[in-house]
Amino acid sequence: MKRRMNARVVVLETVVAPLYWIILAASVWILLRGHNEPGGGFIGGLVAVGATVLWGAARGPSSARHKLPFGDPVLLAAVGVLASAVSGIPAWFVGASYLTHQSFMLPLGFTELWVSTVMLFDAGVYLCVWGAVSGFGLGLLAIDDDAGDEGADAAAPRARATTKAARRARR
Amino acid sequence: MTVPMSMLITSPIFVPLLTAVLATLAYRRPALQRAISFTGILALLACAVALVQFAIEGRPMAVSFGGWEAPFGIEFSVDRLGAIMVLLTALMGLAALVFQIGDPETSPAGEPSKPFVLPLLHGMLVGVGGAFVTADLFNMYVWFEVMLIGVLGLFAAGSRLDQLEAAFKYFVLNVAGTLLLVVAVGAVYAVTGQLNFTALSEAAAFLSPGMALLLLASLGVAFLVKAGAFPLFAWLPAAYHTLPGPVLALVAGLLTKVGVYALLRVFGDVFAPAPEAALGLALEALGWIAAATMLTGVLGAAYHWDMRRILGFHIISQIGYMLLGIALGTEAGNGGTLFYTAHHIIVKANLFFIAAIAWRMTGSYDLRKIGGLANARPLLAIVFAIPALSLVGIPPLSGFWAKLIVLRETLALGHVAWTVVALVVSFLTLYSMMKIWMEAFWKPHPDPSHPLEARGLAPAWCVTIGLALITVLIGLFPDTLAGYCLAAAAEIGGAR
Chain E
1 MKRRMNARVV VLETVVAPLY WIILAASVWI LLRGHNEPGG GFIGGLVAVG ATVLWGAARG
61 PSSARHKLPF GDPVLLAAVG VLASAVSGIP AWFVGASYLT HQSFMLPLGF TELWVSTVML
121 FDAGVYLCVW GAVSGFGLGL LAIDDDAGDE GADAAAPRAR ATTKAARRAR R
Chain A
1 MTVPMSMLIT SPIFVPLLTA VLATLAYRRP ALQRAISFTG ILALLACAVA LVQFAIEGRP
61 MAVSFGGWEA PFGIEFSVDR LGAIMVLLTA LMGLAALVFQ IGDPETSPAG EPSKPFVLPL
121 LHGMLVGVGG AFVTADLFNM YVWFEVMLIG VLGLFAAGSR LDQLEAAFKY FVLNVAGTLL
181 LVVAVGAVYA VTGQLNFTAL SEAAAFLSPG MALLLLASLG VAFLVKAGAF PLFAWLPAAY
241 HTLPGPVLAL VAGLLTKVGV YALLRVFGDV FAPAPEAALG LALEALGWIA AATMLTGVLG
301 AAYHWDMRRI LGFHIISQIG YMLLGIALGT EAGNGGTLFY TAHHIIVKAN LFFIAAIAWR
361 MTGSYDLRKI GGLANARPLL AIVFAIPALS LVGIPPLSGF WAKLIVLRET LALGHVAWTV
421 VALVVSFLTL YSMMKIWMEA FWKPHPDPSH PLEARGLAPA WCVTIGLALI TVLIGLFPDT
481 LAGYCLAAAA EIGGAR
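Just so you know, the protein sequences line up as chains E and A, in that order. With the numbering used here applied, the first sequence covers 1 to 171. With the numbering used here applied, the second sequence covers 1 to 496.
Simulated from the structure, these hints should not be mistaken for laboratory data. Among the hints, erroneous ones may be present.
What the hints assert, rightly or not - With the C-beta cut set under 8 Å, the calculated list includes, among others, these residues of chain A facing chain E:
1) Ser6
2) Leu8
3) Met61
4) Ser64
5) Leu180
6) Ile394
7) Trp437
8) Met438
9) Trp442
10) His450
11) Pro451
12) Leu452
13) Ala454
Positions of the beta carbon are idealized from the N, C-alpha and C atoms, including for glycine.
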């Protein structure tokens with residue numbers, strides 16, 4: 001008998017689909033806005049976590065996990081750190097020290113786009129926060145939800161088994 | 001600032017960070033993960049060798065991140081002291097990674113059940129490397145945090161009940177130290193308005209003695225928690241013995257020594273120009289703490305029967321000798337501390353590696369339940385004898401020279417009490433090593449039918465024999481290392 005943390009909420013399950021994308025869009029807006037105004041990768045990433053955890057609460061952590069980019073919070077966070085770490089490298093090729101950020105105008109023909117390595121750094125922070133905090137959130141949701149991803153808590157059954165063994169040993 | 005130099009100074013954090021991330025991305029493919037992991041550690045080793053070489057040549061090595069210059073930006077700077085610590089870090093990382101091949105706990109044959117051990121291990125090295133090259137007090141605190149998170153992950157990665165309990169104890173007791181450190185750093189910033197090491201040492205001369213003593217004491221206590229000194233070492237014996245063999249050797253070899261390094265940097269370099277009244281008092285207190293650390297560590301070791309606990313208490317005891325060198329406040333004392341640290345990292349990690357081999361062959365770490373190793377594997381007995389006798393300080397092994405440098409300086413400055421404690425502790429260390437020798441190696445195994453065999457020990461042998469060779473080489477040719485260490489001490493200057 002499967003036990004769910006909360007019984008099905010039909011309204012939430014229906015509404016979560018559009019809401020998920022709206023929240024993600026808002027988080028990306030916060031990320032981009034952070035370039036010159038309050039906002040940025042960290043807070044944007046936290047907002048994105050809101051979307052993922054909402055999906056997890058409505059349709060189960062396993063489903064939310066598969067909906068993440070790369071289908072795995074660990075990989076998402078790792079890609080984020082990689083992007084941030086790599087964003088400091090171009091500085092070496094212009095003779096500056098690591099993380100000296102570069103920016104330039106990219107001509108697109110009809111207009112010019114302002115590109116900078118800071119953006120890559122911030123996007124990396126965004127992905128890292130999204131992946132890492134979602135991983136914790138979905139892991140917590142999965143504790144009470146046996147329908148959760150089996151990979152999520154491969155460790156949990158073992159810990160439980162050890163607890164049982166320890167109890168037996170004490171008797 | 002040429003491009004390769006800028007890259008090189010960043011390498012102690014950049015290389016392990018990249019390795020950790022790539023190893024995480026490959027966590028579903030153990031073979032690829034291991035290949036990335038080895039490539040990363042070899043690259044770090046190459047960078048470390050280059051750093052030491054440049055440090056010997058006396059090239060100035062400093063870089064400000066993002067081009068924000070020193071008083072505002074974060075500066076990395078590498079001198080002889082930092083360079084050799086990075087080299088030791090890379091060397092120990094390589095040793096642990098080789099030993100980890102075929103380790104039944106972290107890489108059991110067949111199934112990839114511990115996919116995050118290697119990424120966490122490199123993540124920990126990011127923190128260790130960063131602490132050794134940073135020239136900014138707050139940044140150093142950050143690297144201590146990174147280290148703490150990496151080690152916590154390594155504790156929890158096994159998800160055995162006792163490991164989770166150890167992770168909790170380690171976390172709570174270390175966070176106390178970390179909070180103290182951030183408060184101390186805040187106080188330093190409030191008083192001087194600086195965090196950069198160079199700027200701080202210029203400001204230190206203008207501090208009032210009372211304020212200087214307050215800052216030194218708060219920084220000192222925070223780093224003493226991290227170094228595992230008396231009476232703040234409770235986290236170490238509470239947690240270390242639950243780690244799997246290769247990880248334990250790396251953690252035991254490196255982590256407390258980062259605390260020692262931080263103390264050496266702060267007392268011997270950054271705050272060396274502080275008013276003599278304050279610094280003298282702080283160093284005097286440190287000397288007595290060092291003596292108490294030696295004594296309590298070795299007595300704790302005498303009580304235990306678990307090899308990991310015995311060796312864990314010996315870390316504490318040996319930390320005392322390193323602190324003693326710092327407490328002398330002279331160039332020779334600082335150089336002695338560095339020599340002692342280098343010798344100790346290699347010897348201590350090797351003893352833990354050998355204990356892990358003994359565990360794999362006899363089935364237990366408990367000395368009462370094992371035995372017969374000298375008959376079954378005479379070579380292991382010899383390989384054990386080298387680091388064990390070096391730890392005690394028997395000539396001509398590396399530990400003898402380390403103790404000689406520190407104690408000669410202690411005696412020259414007239415600190416007879418500290419010298420006597422140090423010599424008594426050496427004898428008690430011998431007792432502990434004799435205990436391991438008699439129980440694990442000499443007496444027959446209590447269960448005569450136990451096979452005393454283990455599979456896949458070849459990488460483990462390579463590591464332990466290699467480290468034992470380094471110990472012997474340092475012992476036979478101490479001048480190279482001693483000369484380097486004294487030059488490093490002369491470079492940072494001394495308080496007196």
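Taking the hints in turn, this is what the structure says about them:
1. Ser6: Interface hint status for A/Ser6: holds (5 Å vs cutoff 8 Å).
2. Leu8: This interface hint is violated because 11 Å lies over the 8 Å limit.
3. Met61: At about 12 Å, which exceeds the 8 Å cut-off, the nearest Cβ of chain E leaves the hint on A/Met61 violated.
4. Ser64: holds, 6 Å
5. Leu180: Violated. Min distance 27 Å.
6. Ile394: violated, 42 Å
7. Trp437: violated, 32 Å
8. Met438: violated, 30 Å
9. Trp442: Hint violated; A/Trp442 Cβ to chain E Cβ min 32 Å, cut 8 Å.
10. His450: The hint is violated - A/His450 has no Cβ within 8 Å of chain E, the shortest such distance being about 22 Å.
11. Pro451: Not OK, violated: A/Pro451 not within 8 Å of chain E, min 25 Å.
12. Leu452: Violated: closest Cβ of chain E sits about 27 Å from A/Leu452, beyond 8 Å.
13. Ala454: Nearest chain E Cβ about 24 Å off; hint violated.
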